[in-house]
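Q: Just so you know, the sequences run in chain order A and B. Position 24 (the first sequence) corresponds to 24 in the numbering used here; numbering is contiguous. Position 55 (the second sequence) corresponds to 55 in the numbering used here; numbering is contiguous.
Derived by calculation from the structure, the hints in this document are not laboratory data. Just so it is clear, the structure is predicted and the values come from calculations on it, not from any experiment. In this text, a Cβ means the ideal position worked out from N, Cα and C, and glycines have one as well. Do not rely on the hints blindly, as some may be mistaken.
In silico negatives: residues of chain A with every beta carbon more than 12 Å from chain B [claimed, not checked]:
{"no.": "1", "residue": "G10"}
{"no.": "2", "residue": "P11"}
{"no.": "3", "residue": "F12"}
{"no.": "4", "residue": "A35"}
{"no.": "5", "residue": "R56"}
{"no.": "6", "residue": "A68"}
{"no.": "7", "residue": "D96"}
{"no.": "8", "residue": "D121"}
{"no.": "9", "residue": "R149"}
{"no.": "10", "residue": "A160"}
{"no.": "11", "residue": "R164"}
{"no.": "12", "residue": "K210"}
{"no.": "13", "residue": "P211"}
{"no.": "14", "residue": "G249"}
{"no.": "15", "residue": "Y294"}
{"no.": "16", "residue": "I307"}
Facing chain A, according to a computed beta carbon distance under 7 Å, are these residues of chain B, among others [claimed, not checked]:
{"no.": "17", "residue": "P3"}
{"no.": "18", "residue": "S6"}
{"no.": "19", "residue": "I10"}
{"no.": "20", "residue": "L11"}
{"no.": "21", "residue": "E53"}
{"no.": "22", "residue": "C56"}
{"no.": "23", "residue": "C224"}
{"no.": "24", "residue": "I226"}
{"no.": "25", "residue": "G227"}
{"no.": "26", "residue": "A228"}
{"no.": "27", "residue": "Q230"}
{"no.": "28", "residue": "G231"}
{"no.": "29", "residue": "G259"}
{"no.": "30", "residue": "F261"}
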Amino acid sequence: MDNTGVTLAGPFASLTLKNPVLTASGTFGYGLEFAPYGDLRKLGGIVVKGLSLKPREGNPMPRTAESACGLLNAVGLQNCGAEAFLRDILPALPADKVPVIANLYGTTPEEFAELAGMLSDEKGIAGIEVNISCPNVREGGQLFGQDPRLAAAVTAAVRARAGRLPLIVKLTPNVTDIAAVARACEDAGADIISCINTLSGTAVDLVTRKPRLSVTFGGLSGPAVKPVALRCVLQVARAVSIPVIGIGGIRCAEDVLEFILVGAHAVQVGSASFSCPDTVFRIVEELPAVAEKYGVADWESFRASLITD
Amino acid sequence: MNPTISRLKILDIVPFGSGPKHEFFALRLTPPKWESCAPGQFVMLRPLPARSEAVCPRPFSICKLTGGHLIVFFQVCGRVTAEMAALQAGDTVQVTGPLGNSLPVRADRPTLILAGGIGIAPFVEYVDKHPRPATLTVEFAHRHPLACYPFEGIAEKCAARSHMETVEQDRDAIVALMEQRIREFAPAGLVLACGPTPFLRLVGNTAAACGAEAHLCLETRMACGIGACQGCVVKALLPAADDAPPVLRSGPAAPPDDGAFVRTCACGPTFRADQVIF
Ligand SMILES: Cc1cc2nc3c(=O)[nH]c(=O)nc-3n(C[C@H](O)[C@H](O)[C@H](O)COP(=O)(O)OP(=O)(O)OC[C@H]3O[C@@H](n4cnc5c(N)ncnc54)[C@H](O)[C@@H]3O)c2cc1C
Ligand SMILES: Cc1cc2nc3c(=O)[nH]c(=O)nc-3n(C[C@H](O)[C@H](O)[C@H](O)COP(=O)(O)O)c2cc1C
Ligand code: FES
Numbered sequence: 001m002d003n004t005g006v007t008l009a010g011p012f013a014s015l016t017l018k019n020p021v022l023t024a025s026g027t028f029g030y031g032l033e034f035a036p037y038g039d040l041r042k043l044g045g046i047v048v049k050g051l052s053l054k055p056r057e058g059n060p061m062p063r064t065a066e067s068a069c070g071l072l073n074a075v076g077l078q079n080c081g082a083e084a085f086l087r088d089i090l091p092a093l094p095a096d097k098v099p100v101i102a103n104l105y106g107t108t109p110e111e112f113a114e115l116a117g118m119l120s121d122e123k124g125i126a127g128i129e130v131n132i133s134c135p136n137v138r139e140g141g142q143l144f145g146q147d148p149r150l151a152a153a154v155t156a157a158v159r160a161r162a163g164r165l166p167l168i169v170k171l172t173p174n175v176t177d178i179a180a181v182a183r184a185c186e187d188a189g190a191d192i193i194s195c196i197n198t199l200s201g202t203a204v205d206l207v208t209r210k211p212r213l214s215v216t217f218g219g220l221s222g223p224a225v226k227p228v229a230l231r232c233v234l235q236v237a238r239a240v241s242i243p244v245i246g247i248g249g250i251r252c253a254e255d256v257l258e259f260i261l262v263g264a265h266a267v268q269v270g271s272a273s274f275s276c277p278d279t280v281f282r283i284v285e286e287l288p289a290v291a292e293k294y295g296v297a298d299w300e301s302f303r304a305s306l307i308t309d
Numbered sequence: 001m002n003p004t005i006s007r008l009k010i011l012d013i014v015p016f017g018s019g020p021k022h023e024f025f026a027l028r029l030t031p032p033k034w035e036s037c038a039p040g041q042f043v044m045l046r047p048l049p050a051r052s053e054a055v056c057p058r059p060f061s062i063c064k065l066t067g068g069h070l071i072v073f074f075q076v077c078g079r080v081t082a083e084m085a086a087l088q089a090g091d092t093v094q095v096t097g098p099l100g101n102s103l104p105v106r107a108d109r110p111t112l113i114l115a116g117g118i119g120i121a122p123f124v125e126y127v128d129k130h131p132r133p134a135t136l137t138v139e140f141a142h143r144h145p146l147a148c149y150p151f152e153g154i155a156e157k158c159a160a161r162s163h164m165e166t167v168e169q170d171r172d173a174i175v176a177l178m179e180q181r182i183r184e185f186a187p188a189g190l191v192l193a194c195g196p197t198p199f200l201r202l203v204g205n206t207a208a209a210c211g212a213e214a215h216l217c218l219e220t221r222m223a224c225g226i227g228a229c230q231g232c233v234v235k236a237l238l239p240a241a242d243d244a245p246p247v248l249r250s251g252p253a254a255p256p257d258d259g260a261f262v263r264t265c266a267c268g269p270t271f272r273a274d275q276v277i278f
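Take these sequences, add in the hints, and give me the full structure.
A: Structure (structure tokens):
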């Protein structure tokens, strides 16, 4: 395979990537943290840590706990705020060489819309990903992604202010019918759907009889969630006609192909960047050869070619 | 020195202490790509091939780095350290480092080193690389027999004493001694400490009370070790710029009045005691 680039064409705007591998929000810092481990410009795209209007302090420690093949986190969306990001961090990123996508977190549709407005004119921003699915924060977050009407309301509010930017809506797996939420977001003006965010979970300590996370509940990520993520991408890709970005437990190039096989246009690599900081760079490098090994001629013909009876 | 990822072979793994069930090991590895590091820095380590259920590597202090090898000293206390104890010469581990800041070295000031348990590890390298070990005094508090720890190498190079806590009451005597020593080193001396959080809190409080300059090396739980996950925070009075990605660490931002969560891996693991809010 020589041409590994991909275009995610939405009804309002498109996202063109030199390869289908992006980083997942919250697992790649603001991007710069990974500069020692690989060439950021080679990535399909960088999705930065969730940004809110005001800086957020996040939850007390402990914020992480490991489970079998999984990681629970309850960071609580600690971030420097959109303004500081635009002023201090974005200029240091090679945004002319790699698409930088801002992941947004808000507690009301108005807040999401205001954030989108701040970013829509920024040269260095290639797209907006709306996090309607963070399970860690007690207020807001979860609610939007769990109710198709609220998900649509946020999508429409952001759409109105996003201008030229492609709008990605990121779904939570913590719902009964993810396809219904995806359709609602498509109808409300999303260009692209990404899924999944973390699965709600907890871990407890028998000795102290306390939860292992300060806020009791956290979000599960890592290899343990991959089957759930594949199922969600399959269902969503069948339900909507806009492109889908697959996220969840991706560790290697084969995993990327699996997500494309069930219908994803692109993927994001999350917790695997913790296991080894060069994971996403290695996946990008190995993908063409691995795709060739499995007889993938081009993304278009391979995508959603899953054979079922 | 920019951190890099190395895949290193195990030269040997030496159990410390006696008895049928060992909990303490020195893991000796082939030299990493980086040739130097500062004492107090750490690595993120993971056995390869990653066959365990663990997603994240684990942080370990650099116990010793020479041209010939890198040594990590560890205590078995959970999933990954148990797996590490079962490794053999010839096996491979993934090592990312050197990470974090360093313990201050001041040859012109008498320096008091307070170590608790496995918190002794970074001081092996510290004492080894110190230009004037004669200015160092080490007080080491531990719960397992002394032979479990890499204490001998330290005691050969500087004034070092150990204090074993066998029963609950021993702790009061150890605490009193530590407090007294800190007061002796104030205000001209330098106090460095590494160990469990209650131990560090005690050092911090005592140092504050008597005006000693103390630096604490924290052992916060970490998921990534490289500043990406925000999972290792400590409440600290640091300028915001200190918690920014390295390329941006220059801006003069005023520290918040009541402290902010900063990443231990990116801003530490060593902090000035008066900047940490426990
Ligand atoms: C900068 C730094 C340097 C370190 N240097 C050394 C060293 O030189 N030698 C050494 O033996 N250890 C060192 N540690 C501690 C070491 O990282 C942990 O012992 C290790 O991560 C445990 O991994 P595990 O998989 O065996 O335990 P896990 O299975 O992950 O955990 C076992 C139990 O310990 C708890 N736990 C795990 N990590 C911590 C923590 N940091 N604080 C409080 N509770 C925790 C867990 O919640 C669980 O209950 C250092 C830590 C840091 C941050
Ligand atoms: C520590 C951590 C922080 C995260 N922060 C965010 C965030 O700010 N916004 C968001 O949309 N998703 C966030 N996520 C979710 C990831 O982007 C991703 O959807 C999830 O981890 C599943 O992918 P993985 O299994 O590859 O990690 C976070 C995940 C982790 C582990
Ligand atoms: S361990 Fe991930 S930010 Fe420090």
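Q: Taking the hints in turn, state whether each one holds.
A: Verification of the hints:
1. G10: holds (29 Å)
2. P11: Nearest chain B Cβ is 33 Å from A:P11, so the label holds.
3. F12: holds (31 Å)
4. A35: violated (8 Å)
5. R56: At about 10 Å from chain B, A:R56 fails to clear the 12 Å cut-off, so the statement is violated.
6. A68: violated (4 Å)
7. D96: holds (17 Å)
8. D121: Given a closest Cβ separation of 23 Å, the condition holds.
9. R149: holds (32 Å)
10. A160: A:A160 clear of chain B: closest Cβ-Cβ about 31 Å, beyond 12 Å.
11. R164: Label holds. Min Cβ-Cβ 28 Å, cutoff 12 Å.
12. K210: holds (15 Å)
13. P211: Given that every Cβ of chain B is farther than 12 Å from that of A:P211, nearest at about 15 Å, it holds.
14. G249: violated (10 Å)
15. Y294: Per Cβ check, A:Y294 is outside 12 Å of chain B; nearest 22 Å; holds.
16. I307: Correct as stated: the minimum Cβ-Cβ distance to chain B is 31 Å, above 12 Å.
17. P3: Holds - the Cβ of B:P3 comes within 7 Å of chain A, reaching about 5 Å at its closest.
18. S6: violated (11 Å)
19. I10: Check failed: Cβ of B:I10 comes no nearer than 18 Å to chain A, outside 7 Å.
20. L11: violated (22 Å)
21. E53: This interface hint holds because 4 Å falls under the 7 Å limit.
22. C56: holds (5 Å)
23. C224: holds (4 Å)
24. I226: holds (6 Å)
25. G227: Holds. Min distance 4 Å.
26. A228: holds (4 Å)
27. Q230: holds (5 Å)
28. G231: The hint holds - B:G231 has a Cβ within 7 Å of chain A, the shortest such distance being about 4 Å.
29. G259: B:G259 check fails; min Cβ-Cβ to chain A is 10 Å, beyond 7 Å.
30. F261: holds (6 Å)
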